Amino acid sequence: MTVTLRQMKQMLLGGADCVISARDELTDIDSRFGDADHGITMEKIMTALKNAVRSFGEDGTIKDLMSGISMAVMTINGGSAVPLWTTLFDGLAEGAPDRIEMSEEEFRSMFRSGYETLFEISRAKKGDKTMMDALEPAVDALCAAAEGLADMIKASAGAAEAGARETANFAARFGRAKNYGERSIGTPDAGAMSMRYFFQGLLEGLKKDQ
Amino acid sequence: MKMKKFLNDPNTLTAEMLEGLALAHGNIVDVLPGNLVVSKALKDAGRVTIVTLGGTGHEPALSGFVGDGMLDIAVAGDVFAAPNPQSCFEAIKLADKGKGVLFLVLNHAGDMLTGNMTMKMCKQAGLNVRKVVTQEDISNAPRSNADDRRGLAGAVPLYHIAAAAAKEGRSLDEVADLSQRYADSMATIAVAVRCATHPASGASFGDLGDEDMEIGMGQHGEGGGGRQPMKTARETIAIMANALVKDIPLQKGDRAFVMVNGSGATTLMEQLILYKDCVRYLESLGIEVVANMVGEILTVQEQAGFQLNIAKWNDEFLRFWNTPARTIAFNK
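Protein chains in written order, with the numbering used here: chain A, 1 to 210; chain B, 1 to 332.
Mixed in with the good hints there might be a few duds.
Derived lysine-lysine pairs resembling DSSO-like cross-links, with alpha carbons at most 30 Å apart [said to hold, decoys possible]:
1. LYS2(B) to LYS231(B)
2. LYS178(A) to LYS312(B)
3. LYS252(B) to LYS312(B)
4. LYS178(A) to LYS63(A)
5. LYS50(A) to LYS120(B)
6. LYS178(A) to LYS131(B)
7. LYS63(A) to LYS120(B)
8. LYS178(A) to LYS252(B)
9. LYS178(A) to LYS93(B)
10. LYS63(A) to LYS123(B)
11. LYS40(B) to LYS97(B)
12. LYS120(B) to LYS125(A)
13. LYS93(B) to LYS63(A)
14. LYS50(A) to LYS126(A)
15. LYS125(A) to LYS123(B)
16. LYS252(B) to LYS231(B)
17. LYS120(B) to LYS40(B)
18. LYS97(B) to LYS126(A)
19. LYS154(A) to LYS9(A)
20. LYS178(A) to LYS231(B)
21. LYS167(B) to LYS43(B)
Please keep in mind that the hints were generated in silico from the structure rather than gathered at the bench. Here the structure is a predicted model, which means the values were calculated and not measured.
Please build the complete structure, drawing on both the sequences and the hints.
See the structure below:
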């Protein structure tokens, strides 16, 4: 079974919509231990992603799509989320094949590359209360899941959700929230939550496509 | 409570602010695409130039310190959010007059990520850039763990000192080393008594109630752990100045620079009372205050409170400080 460029675009649009619809919740979480703008920033990033997907030329490859999104996100002013999401899509582009379809194995290594590239600059590990708490289990689940795109995405969305929820138990060690340390326990991490909604939206986008 | 601010559209706050800045101070700066606030003095600069980046909502910082004798370019992001690396890279390219560029970054997660990506791009392009990070907030980490220290208003006097050295014809390495020495010589601590609201979302940064203040508050209202009942100016200065003196450290016979930076809703009357209390406190320790800044330098919207910055000064810093500057918010 292959994953097509068209499916990839539908999934990404679904991911973006899901994050955008959680805007107020994300801002509210960020107002407790951040600076009350995460939802706004993510809306800007996801709108740029959607524009990049919609305006993507007919003759581009999956690699081009991911690079285009990375470039589009990079020109936004949105604090740390911008370089982080730029880097994630950089990594996805690095791992993506220069074709309009890919095998499930290539799909898996594309996400693996996204995670690894992001880890290189964020250095945050599971338990540090960051977006990585949702991304790492999501990519692990995607790689471990049985054959079938829908099952892979479903497993990753579930793992991202569990990972994001779990951040409520951790004390922040990165970003502005780290200044609150133990006091941040009880509130999930805004960046993990937006990553969770992104994976949930990938699933919704895929369903829409079928 | 509904936010009471004179705004038009939450999506265009930075753009409208920069348009106003260009209209009000068009004799000192140009505002170019990518939110680049560029000094008119850059055009004829045959010297090391200085670029910084940072979020908006902190006015007059950072754009207010662009001009002759301070920053050549400030790259503005959005409210409390760092600009993108592409704009910073463009700014450094524009600033480079053949003598290299000093790239000053305040230690905040977004600023650092953008700064590091920018440096990577500059390296690939073969640009001559040195990055110096200011990280002087003593409230959230010891000096030995500087990477965890936030960059607060203490960077502002450094803009002038570095620019004066550049004007004197110092090389990029000399200016960068001087800047690093300056960054290492200072310390800041902040206190808040009332939190601000985010001008785009309207959300409050926190609630300190009617009775409390929080020592160690960062410049986006992020906590610092020192929540306690409100105290007098003198008592508050004694706590904060004492912590700074120990951290730097300063001792009898030393000379110091003192900054009282109002966060947005603390009156100039209070700032002057606080400054006086700080000078007197340091005098009692045998420390002489040789230079100062008192006023709103790096604000946090309508947060009430202030940052106290103290630096250990020597002849070199003092000599560079006593040179002319003509910027939007600082003139000498």
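For this session: Please write out, lowest number first, the hints stated earlier that are contradicted by the structure.
Result: Of the numbered hints given earlier, those the structure breaks are 4, 8, 9 and 18, listed in rising order.
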